[in-house]
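As a plain string of letters, each chain reads:
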Amino acid sequence: MSRIDVGYFPGCSGLGTSMEYERSTRAVCRELGIGLREIPDWNCCGSTPAHSTDSALSAALASRVFAQGEKAGIGDVITPCPSCLKNLRVALEHMEDPLFTARVEALTERPLQMRHSIRSVLQVIIEDVGTERIKSRVRRSLKGLKVVPYYGCLMTRPEKLMRFDDPENPVALDRLLEALGAEVLAFPLKTDCCGGSFAIPARKVTPRLAGRILDMAGEAGADAVVVACPLCQMNLDLRQGQIRAGGIDRVLPVPYFTQLMAYAFGLPEQEAAFKKLVQDVQPAFACMSRRAADIEAEERKAAAAEAEKVRLAAERAAKAAEKAAEKAGTKDAAPDGAGKKSAAAKKPKDKADADGGEA
Amino acid sequence: MKIGVFICHCGSNIAGTVDCAGVAQRAAVYPDVVYSTDIMYACAEPGQDAIIAAIKEHGLTGVVVASCTPRMHEPTFRKAVERAGLNRYMFEMANIREHVSWIGKDKEANTNKAAELVRMAAAKLRLNRELKPKSFPVTKRVLVIGGGVAGIQAALDAADAGLEVVMVEKQPTIGGKMAKLDKTFPTVDCSSCILGPRMVDVAQHPNITLYAYSELEEVSGYVGNFDVKIRKKATYVDWDKCTGCGLCTEKCPSKKSYDRFNEGVGPTTAIIIPFPQAIPKKASIERDYCRLFNQGKCGVCSKVCPTGAVNYAMQDEFVDVKVGGIVAATGYDLVDWTVYGEYGAGRYPDVVTSLQYERMLSASGPTGGHIKRPSDGKEPKNVVFVQCVASRDPSIGRPYCSGFCCMYTAKQAILTKDHIPDSQSYVFYMDIRSPGKGYDEFTRRVQEEYGAKYVRGRVSMIYPKGDKLIVRGADTLMGGQVEVEADLVVLAVGGEAAAGSPGLAEKLRISYDGYGFFMEGHPKLKPVETNTAGVFLAGACQGLKDIPSSVAQGSAAAAKAIGLLSRNMLDSDPQIASVSVNRCVGCRKCIEVCPFKAIQEIDMRGQPKAEVIETVCQGCGLCNATCPQGAIQLSHFTDNQILAEVEALCRF
Amino acid sequence: METVCLNKSDDAFVKAVEAESGQRVSRCYQCGNCTAGCPMFFTFDYSVSRIMRLIQAGQKEQVLSSSAVWLCAGCETCTQRCPNEIDVAGVMDACRHIARREKKFGARAVSAFFKAFMDSVRFNGRSHEVGTMALYMLYTGRVWTDVELAPKILPKGKMPLLPHRIAGRKEVAEIINRFNQGLSDPDLVRAGPATHDASAKEAVS
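Residue numbers (the numbering used here), protein chains in the order written: chain R, 361 to 719; chain G, 3 to 654; chain C, 1056 to 1260.
Hints were generated in silico from the structure; no laboratory data involved. The structure displayed is predicted, hence computed values, not measured ones. Every residue gets a Cβ at the ideal spot worked out from N, C-alpha and C, and that includes glycine. Please note that the accuracy of each hint is not assured.
Unchecked claim - With the C-beta cut set under 7 Å, the calculated list includes, among others, these residues of chain C facing chain R:
1. S1102
2. A1128
3. L1204
4. L1216
5. I1221
6. F1234
7. N1235
8. V1244
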């Protein structure tokens, strides 16, 4: 398995309210062979308050992050947080405007060097690792778990800046969760806004916006809302009480996708860090197990019938090949027949792999 | 007679609310009916084939089809029965769609009414006789009424196709409204540069005879052979002698005449040549302003004219022309916007119409192409355009959209910026209607590149304050009231049917709508025909339209006229009146009521009798209804046939 | 709402918004799609499309004193769906940036929160959630904000009471200080380095 080495920007919330995201991200990256080199002594990117205050301020903070990376010889950087990602990306792309660069340099008082790239952890896992490799790491399938993926606003938007997945109907997280074995339900509010950082200064926002998302997820029959953004997670998880007070009564766990990956990879709870979530994830897993048992029974039945069919077909093919070989009396027919046989034999093995590595 | 009855379902159009099979069943026992059936689509090819097959199989001698309006498919079915060997007039149609299924929902009542209409049609059919059309020769000459861009296009196309064309223009020059425009949208190309050569072509085309400053006095006759009388209004200048040198217009002492061509932007003289590119470029005297006619002495023009062309004794003249077809292209006029007291009703000199603004923009106009405020001649900096003035306003009886104002306003805003680079235009609009090719892009360009500020809302009032005009309006997108201090206000005044349109329509015997626009034969399928054979429409007289559409309609009308006159002989409609001389008492009542002058008095052995001129009669039936003796009868609609229908109906 | 005099369009303001956002507001044809998709609509005094209209009309005061420019969540829905490809959220950002420089705060709580957050970053080099909340309560007097969440989150050990201070926090503080002194203001920067130095000194002293 090829290793990927990248710079890593955890983001401030990883040290606090999203420490479960941070822990599980590091664990999952390790398992997938993504080497993370944390940018030494990194600083806050400024998040929403900085870019809302002024783009130059935001870019100046971002430029120190990149300068720290530069010192350590780090070029390509990844971050789990979409908000950090947007700030860092904007800083990189805004620098083509000379006035803007001059404004930022007036704050940093040194020439900017922006030879970096920045991507999200999700993007790297999907694009550089891929679902096949994820599947191959699964030890505990999420079969039976019904989830809705919630991407938030910024993971794919604005389209021209983020250049990742479909801006209106992204599917990266869907594919990833499917690879873990979960059942991904259709969720039209994938990229709706949860209210972002306005939960604190404009209190009526989150109950309404995050409430709508939770309500739709519950309506869809999800066991959990899977997220990729610390701010979204906090609005949807921590503030469920406020949402309830606003009139929308849905109790749903809101795990990060990396936590579910850690679980599926069979990593210890220490690294999946489900206990850090406010809404307990265990009821969701209980539902999953019940459903999985039913599904597996069905599948086993179907698989057995299929295997029997394949075995019979292989037998017939083998006999036919033998006959043909006898008739021809030459070696010409043999490779053909052997090819068929091996193709037929391979099928049930693949199936077994996907089912959780029984082979 | 052996009658076949066919009840059409028209899909679900009729069958939805009429029991078609039930109607067919009831019709089977009507007198002389030997075959009766219902049919999915009678007009479709399988339907027509079924009718033809039934005629042959059952030896039918008459056919009733109960379906849609005869205006839609009567010709279709007549041709079908003809293909089966019957005379095309041995056919009757009962309208059970427009008159039954589309207007009622009670299926039982509808079915009864349909059955009665079929019974009436069958009763009438029993008295039908075979009719045969006569053919007559056509005059291969077209009359084009109106020398605007639509008329010019129609005239040139028809003339190029080899027809003789007579063009009649009310004004002293052709060119119409387009000649007054500075530029045209959406290309902003010079209007007179593209129209001028076409006007010259009209003057020089060997097949075109132009009567300018003339009007249609009288029309009689019929398709293929109209007799037209043209009034050549007195210009008091002998155009054969006039060279268009313009000396008279320079010397004329009456310098305060209203300048019709320039929409009153600046005065002109009493003897005028409308503009330098006028066709014909001849002088004419506006009698109302001439000192000689009003004060009895002057005669300057006569003295200075080098060719002695001025003739104060000139009278209107009449010219008779025979033509085969007529194209009406009489255009439009601007609505009288002074009904709007809130815009000053014409009291404020710096509130002008869009057409006046065109003349101000035009290099050949009275301001030499400089935008100047009429009040003080200053160059305006803030120009406000108000759209939908006298358009989309039911309160003044103009509820329709004029269709071209959005576009010409956008053009004028662009030209304003070109003429005065430091000016700012504001455009008040209700909607921006720009569905033509390249039109919407044009309205975006005026805002994005030329910086015109578009404000969505109507203007409530305009009033002067110092040397400015305050325009009080709304910006519904901003959600409130706005005001603009303007130096000049341009009203995008909508159009209406040209003055005198109803009168002309009556002369041409064509229909016109409640606004005076001429009615097309069918709003979709006969856009340039009228319901009078041989009379076609082009341009804004049919409904307001822009230059490209007017030109397209001009060509279309020409194509229709060319098609009509490509034949040497035409068939007359045999559904006309005829006189039974035995009954006629020569009372002349029919002659008086006939709108087509198709009945004349003859002397028969000393007795006055009426006689129908077959080629002129249009079969309207007025004479039939008027005749106290029942002596004059309209073929196919005789008294007996009508009575048979009434009797069939009154059986219930 | 007052009657707006369209002649009194502040064209310099329109240009400033366009320069700061890199967008041409005249491209907006007022279809209303931005308002249609705006999640924060119910908190705004003027909808996004009306803000766009007010900018087109050069109504600086109304735009800059609106709460809408502060309450925009920057979710980019409007930008994503604008048929004229205007970065509407970027225009809202630009208006907010200009409003801040002109000391207009249409939504006090929001600007106070931003300040609390930035101060936390200024002290530590990184944001510190507990510290940010404390500062926010201090700036706004809203001392009960989210207190009901404390029993839920504190036992999770996710809200360290002490900040993570970085070694380079002085560097970060300098950036924010220079910003607070107005050293990155576009007018100042555009004027060139000479003026820049002079006024910098002035601002510091």
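(message) If you test the structure against every hint from before, which numbers come out violated?
(response) 1, 4 and 7
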